[in-house]
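K.L.:
Listed below, chain by chain, are the residues.
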Amino acid sequence: MEKIRLEATDKSPGIFFDPQNKTFEMEGVSRPENVRDFFIPVMEKLRKNLEEFLGQKESVTDEKPLKCTFKLEYFNSSSAKFISDILVMIGNYHKKGMPVKLYWYFKEGDEDILEVGEDFSEMIDMPFQMVMIER
Amino acid sequence: MANNTRDIVRYEGHLGTDQVDQLLIDLHEKLVAMDIGLLTRKRIYSVSVECLDNISKHADVESISEEQFRQYPSFFLLTEDSEGFQIQVSNVLQKIEADTIEQRLKKLNKLNRDQVNELFKDTIRQGATLSDKGGAGLGLIVLAKTTRQPMRFWFTPIGTDHAYFTLIIRITR
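Residue numbers (the working numbering), protein chains in the order written: chain A, 1 to 135; chain B, 1 to 173.
There are no misleading hints in this set.
List time: in silico DSBU-like cross-link candidates among lysine-lysine, alpha-carbon distance up to 30 Å:
(1) Lys107(A) x Lys30(B)
(2) Lys71(A) x Lys96(A)
(3) Lys57(B) x Lys45(A)
(4) Lys57(B) x Lys11(A)
(5) Lys95(A) x Lys3(A)
(6) Lys3(A) x Lys101(A)
(7) Lys64(A) x Lys95(A)
(8) Lys71(A) x Lys45(A)
(9) Lys48(A) x Lys96(A)
(10) Lys96(A) x Lys45(A)
(11) Lys48(A) x Lys121(B)
(12) Lys48(A) x Lys22(A)
(13) Lys121(B) x Lys22(A)
(14) Lys3(A) x Lys96(A)
(15) Lys22(A) x Lys96(A)
(16) Lys11(A) x Lys30(B)
(17) Lys121(B) x Lys107(A)
(18) Lys71(A) x Lys30(B)
(19) Lys110(B) x Lys121(B)
(20) Lys3(A) x Lys67(A)
(21) Lys71(A) x Lys121(B)
(22) Lys71(A) x Lys3(A)
(23) Lys95(A) x Lys121(B)
(24) Lys121(B) x Lys11(A)
(25) Lys101(A) x Lys121(B)
(26) Lys57(B) x Lys71(A)
(27) Lys107(A) x Lys11(A)
(28) Lys121(B) x Lys45(A)
(29) Lys121(B) x Lys107(B)
(30) Lys22(A) x Lys3(A)
(31) Lys67(A) x Lys101(A)
(32) Lys121(B) x Lys67(A)
(33) Lys96(A) x Lys121(B)
Stretch by stretch, here's where chain A covers chain B in the computed footprint (C-beta under 8 Å, at least three residues):
(34) 37-46
(35) 49-61
(36) 119-126
(37) 141-152
Worth flagging that the hints you see were computed from the coordinates, not collected in a lab.
Glycine is no exception: its CB is placed at the ideal position from the N, C-alpha and C atoms.
With the rest of the complex left out, here is chain A (with noise of 0.2 Å):
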C-alpha cells in the first residue's frame, strides 16, 4: 500500500495517510487554486488503499481502527464539496465493515467548525468524535 504524504501549505491542507499504522490526517487551511487537480488524486489513491484494506480480512477483524483525524482551521465551499467527498468514501468502508474512528477538531469557540463537523457526521451517518483545542 501507498503512503499519502502531502505537506500543507498557505492555500492547501496537509493530507497523510499511513497504511502500516492505520491513519489517516487531514489539517490546516483549504482553498487550494484548483481544488479538482488537488482533491482528485488523494481521493482516487485514498479508495485504492481503503480498498486493499478491506480487502485484508485481518484489516477489517483486527481491533484496531483506522483513526481518521481532521483537524481544518479553515476551507472554502469548493473544498467543502471534497472534503464530505472524502468522508463519505470512508463512512461507505465503515459500512462495509472497516473499523473506523474518527476525529473532528475544532478551536475553543470556533462554532462553525464545530457544526459543519456535526452536519458532516449527520450526512455520513457515522459518529464523529469531537474535540476542542483548548486556546
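Dock chain B against chain A, hints included.
P.N.:
Just chain B, lined up with the frame of chain A:
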C-alpha cells in the same frame, strides 16, 4: 444605518488569483492585529474568501472596454462600524449569470438559519457538481450560512449583455 464606519481593507481594480491571494494575506494580518473574537474573525475571512474567489472566477472583465472597467471595476471593501463588520463586493457579470445569482440570493434571503443549514447539507448530499471554474454551487449558501442575516444586493445594467453586481454582507460582532 451604523455610525462611525471605518475602512479596514479597500481594493479596486483587477482581481486575479495573485491579487486575491495578496489581499487575503493583508486581510488576515489586519484581522489578527485587531481585538476581535476568533469566530467573528473567521467569519469575516470566510465571507471574504468566498466573495473574492467568486470575483476571480466569475467576473467577466474580458468582454467589456477599458473605459467600462474604469467605471465598473472589481471592488472589495471591508468596513467596521459600531454594530459589526460589512463586506461589500462588486464586479461585472454576464447578464445571464446575473439572473441566476439574483434568483439564488432571493431564495436564500427567504430562508431561516435551520433552512440554510439543511440546504447546505442537501446540496452536498446531492453531490454538488463543480463547474468548470471550480465553484461547487455552495458559495452563496456558505455566505448565507456565515452571515446569518439577509444579504443586500443589486445589479446595475451595463449595455444589454452585462451587469455590475454589488453584494453587501454583514457580520455581527
